[in-house]
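Q: This is what each chain is made of:
There are 2 protein chains.
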Amino acid sequence: MPPEVLILSARAADYARLLAAMPLPPLALHAAATSDEAEPWLASCEVVLADPPLVRPLLDRMAALRWLQSTYAGVETLTAPGLRRDYLLTNARGVFGELMAEYVLGYVIMHERRGWQRFLAQRAGRWDATWPGRLRGKTLGLVGVGSIGAEIARTAKCFRLRVLGYTRASEDCPHVDRYFHGDALVDMAAACDYLVASLPNTPASRHLIDRAVLAALPAHALLVNVGRGSTVDEEALVEALQTGRIAGAVLDVFQTEPLPADHPLWKLPNVLITSHTSALSYPEDIAPLFAENLQRYISGQELHYHVDFARGY
Amino acid sequence: MPPEVLILSARAADYARLLAAMPLPPLALHAAATSDEAEPWLASCEVVLADPPLVRPLLDRMAALRWLQSTYAGVETLTAPGLRRDYLLTNARGVFGELMAEYVLGYVIMHERRGWQRFLAQRAGRWDATWPGRLRGKTLGLVGVGSIGAEIARTAKCFRLRVLGYTRASEDCPHVDRYFHGDALVDMAAACDYLVASLPNTPASRHLIDRAVLAALPAHALLVNVGRGSTVDEEALVEALQTGRIAGAVLDVFQTEPLPADHPLWKLPNVLITSHTSALSYPEDIAPLFAENLQRYISGQELHYHVDFARGY
Numbered sequence: 015m016p017p018e019v020l021i022l023s024a025r026a027a028d029y030a031r032l033l034a035a036m037p038l039p040p041l042a043l044h045a046a047a048t049s050d051e052a053e054p055w056l057a058s059c060e061v062v063l064a065d066p067p068l069v070r071p072l073l074d075r076m077a078a079l080r081w082l083q084s085t086y087a088g089v090e091t092l093t094a095p096g097l098r099r100d101y102l103l104t105n106a107r108g109v110f111g112e113l114m115a116e117y118v119l120g121y122v123i124m125h126e127r128r129g130w131q132r133f134l135a136q137r138a139g140r141w142d143a144t145w146p147g148r149l150r151g152k153t154l155g156l157v158g159v160g161s162i163g164a165e166i167a168r169t170a171k172c173f174r175l176r177v178l179g180y181t182r183a184s185e186d187c188p189h190v191d192r193y194f195h196g197d198a199l200v201d202m203a204a205a206c207d208y209l210v211a212s213l214p215n216t217p218a219s220r221h222l223i224d225r226a227v228l229a230a231l232p233a234h235a236l237l238v239n240v241g242r243g244s245t246v247d248e249e250a251l252v253e254a255l256q257t258g259r260i261a262g263a264v265l266d267v268f269q270t271e272p273l274p275a276d277h278p279l280w281k282l283p284n285v286l287i288t289s290h291t292s293a294l295s296y297p298e299d300i301a302p303l304f305a306e307n308l309q310r311y312i313s314g315q316e317l318h319y320h321v322d323f324a325r326g327y
Numbered sequence: 015m016p017p018e019v020l021i022l023s024a025r026a027a028d029y030a031r032l033l034a035a036m037p038l039p040p041l042a043l044h045a046a047a048t049s050d051e052a053e054p055w056l057a058s059c060e061v062v063l064a065d066p067p068l069v070r071p072l073l074d075r076m077a078a079l080r081w082l083q084s085t086y087a088g089v090e091t092l093t094a095p096g097l098r099r100d101y102l103l104t105n106a107r108g109v110f111g112e113l114m115a116e117y118v119l120g121y122v123i124m125h126e127r128r129g130w131q132r133f134l135a136q137r138a139g140r141w142d143a144t145w146p147g148r149l150r151g152k153t154l155g156l157v158g159v160g161s162i163g164a165e166i167a168r169t170a171k172c173f174r175l176r177v178l179g180y181t182r183a184s185e186d187c188p189h190v191d192r193y194f195h196g197d198a199l200v201d202m203a204a205a206c207d208y209l210v211a212s213l214p215n216t217p218a219s220r221h222l223i224d225r226a227v228l229a230a231l232p233a234h235a236l237l238v239n240v241g242r243g244s245t246v247d248e249e250a251l252v253e254a255l256q257t258g259r260i261a262g263a264v265l266d267v268f269q270t271e272p273l274p275a276d277h278p279l280w281k282l283p284n285v286l287i288t289s290h291t292s293a294l295s296y297p298e299d300i301a302p303l304f305a306e307n308l309q310r311y312i313s314g315q316e317l318h319y320h321v322d323f324a325r326g327y
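For the record, the sequence lines run as chains V and B. Note that the working numbering has the first sequence beginning at 15, numbered continuously upward. Note that the working numbering has the second sequence beginning at 15, numbered continuously upward.
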């Protein structure tokens with residue numbers, strides 16, 4: 015009997031189309047874009063490919079669930095305390111680094127080039143020939159050097175940036191010039207023109223970028239957060255930005271999303287808000303990854319991208 | 015007798031400071047930021063390091079001039095018909111590619127990411143989670159593959175773009191996947207997501223990007239011009255942008271600069287204007303290049319970056 019597979023994603027139709035075109039073993043495949051659409055298959059599905067926020071409220075009703083493949087990298091919705099952990103959870107990895115690297119380098123360049131100031135000058139019909147900044151000689155510090163950080167490092171090296179990396183212990187990315195661990199995040203921050211966080215939401219990453227780290231950054235520094243909002247002490251960040259303690263921030267993620275309408279970050283002139291779009295899960299990236307894991311599942315091999323519920327990633 | 019050297023540049027003080035810190039033979043070095051300041055040395059200077067627009071009106075009074083090193087890459091101000099040609103002219107090369115590559119990739123990424131739309135959404139306090147585009151699978155076509163085009167090609171390859179190149183005849187950049195020559199610019203344009211011009215202002219480049227080339231571009235294509243305004247038929251471009259024939263343009267250079275206040279390009283919503291700042295002449299880049307040429311001049315060696323007055327570059 016082929017396993018019963020439920021696709022539960024806002025982009026379910028795209029996933030169904032992409033998977034149908036792949037050479038997979040026979041499957042009972044059901045596609046649902048909403049919980050209502052998923053209703054008929056909740057009790058019987060053994061394998062689920064799902065957007066975490068969509069699947070979470072339905073978890074307890076999936077009696078036959080053995081394996082859940084998340085379409086997202088971040089699975090804190092599913093590893094939160096109190097939720098069931100009696101199934102295999104895998105997330106998406108290795109496909110977001112490229113998108114994140116485009117985002118980080120694009121925004122860092124625009125920061126140097128004063129792209130937004132020039133854009134406003136244009137709207138005022140003003141020829142703004144002020145000198146732009148440049149990447150030469152600058153230092154980019156990565157808070158977290160997983161597969162995403164490593165791809166940002168590789169791309170930063172193409173622009174000849176110096177790259178620093180803060181990790182728990184690992185030192186295996188060849189594009190990082192110098193590593194920092196433990197209490198040394200403040201030391202790394204002090205040496206950075208750009209500080210880029212790409213950490214998942216875990217107990218260990220919570221408020222890692224705190225008042226002390228923000229205080230250690232040079233006044234011209236730019237903070238970029240493409241990981242999770244919880245990494246940054248938002249109150250301390252607002253203060254650092256309001257007082258000009260740092261030059262600016264490019265923020266894709268926030269403590270609360272969507273960012274509440276009355277949040278002070280909306281109105282700060284040195285903040286760019288990109289509404290959690292830095293690296294979305296494109297079905298054309300995720301479907302092949304799921305298909306490979308599905309082959310492994312069916313043939314009894316160990317799955318890729320296994321998530322440790324306790325660690326949270 | 016050491017040669018008498020005049021620095022005539024808006025950034026003359028920076029040049030004087032940088033050159034003073036270099037191990038050069040004894041020199042009679044004069045720094046002037048304006049023509050008035052240059053007055054005492056006009057007749058006697060043998061070597062001139064100058065911003066072309068500043069030096070042009072003074073050329074005829076430089077009786078002892080033997081070599082002029084331009085601080086700019088573009089020297090059409092000095093090669094125009096009717097001006098004296100009885101001296102060695104060298105321009106700045108090899109230092110602009112890096113800046114141009116930052117510019118081109120930064121703006122191409124922002125185009126895909128809808129950076130300006132998101133910026134405006136933020137000002138309206140709106141969480142804009144629309145899906146961004148990405149570079150994967152895209153094609154960038156270079157009109158001109160000199161030292162600048164080659165560096166843009168190298169950087170584009172870091173982002174895994176397909177790179178096409180239109181040149182007169184040369185095919186020596188290893189980062190170009192396919193070359194086009196002669197009448198084939200329209201064929202290249204038809205295959206491009208981004209068309210990037212980096213040509214000098216010469217008779218051969220005038221209106222190379224004309225109505226036919228713009229018509230050949232796909233509707234979603236972006237035109238980027240970091241070379242000279244004369245390369246593009248501006249009237250045809252305005253029409254292509256007004257009618258949505260192409261998606262947009264990022265323009266650093268124009269037929270007339272500063273762009274006249276009543277020019278239609280100012281008001282088009284799919285145009286970004288960057289006021290000829292894509293690659294300025296940073297004294298820290300130009301001073302070493304001049305110093306090396308100066309050593310060669312003094313020791314009687316051939317100079318680097320010799321400009322052919324007839325060809326214009």
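It should be emphasised that the hints constitute simulated quantities derived from the structure, not laboratory data. Be a bit skeptical, because a hint or two may be false.
Straight-line Cα separation of at most 30 angstroms, DSBU-like style, residue types lysine-lysine; simulated pairs [claimed, not checked]:
no. : chain 1 : residue 1 : chain 2 : residue 2
1   : V       : Lys-152   : V       : Lys-171
2   : V       : Lys-171   : B       : Lys-152
3   : B       : Lys-152   : V       : Lys-281
4   : V       : Lys-281   : V       : Lys-171
A quick note: this is a predicted structure, and the numbers were derived from the prediction, not measured.
Q: Please work out if B:Lys-152 and V:Lys-281 have their alpha carbons no farther apart than 30 angstroms.
A: 35 angstroms, violated
Q: Below or equal to 30 angstroms on CA atoms is what counts here, so check V:Lys-281 against V:Lys-171.
A: 33 angstroms, violated
Q: Run the distance test for V:Lys-171 versus B:Lys-152: straight-line Cα separation, threshold 30 angstroms.
A: 21 angstroms, holds
Q: Compare the distance between the alpha carbons of V:Lys-152 and V:Lys-171 with 30 angstroms, and conclude whether the hinted pair is satisfied.
A: Distance of about 11 angstroms is within 30 angstroms: holds.
Against the hints set out earlier in the document, violations occur for numbers 3 and 4.
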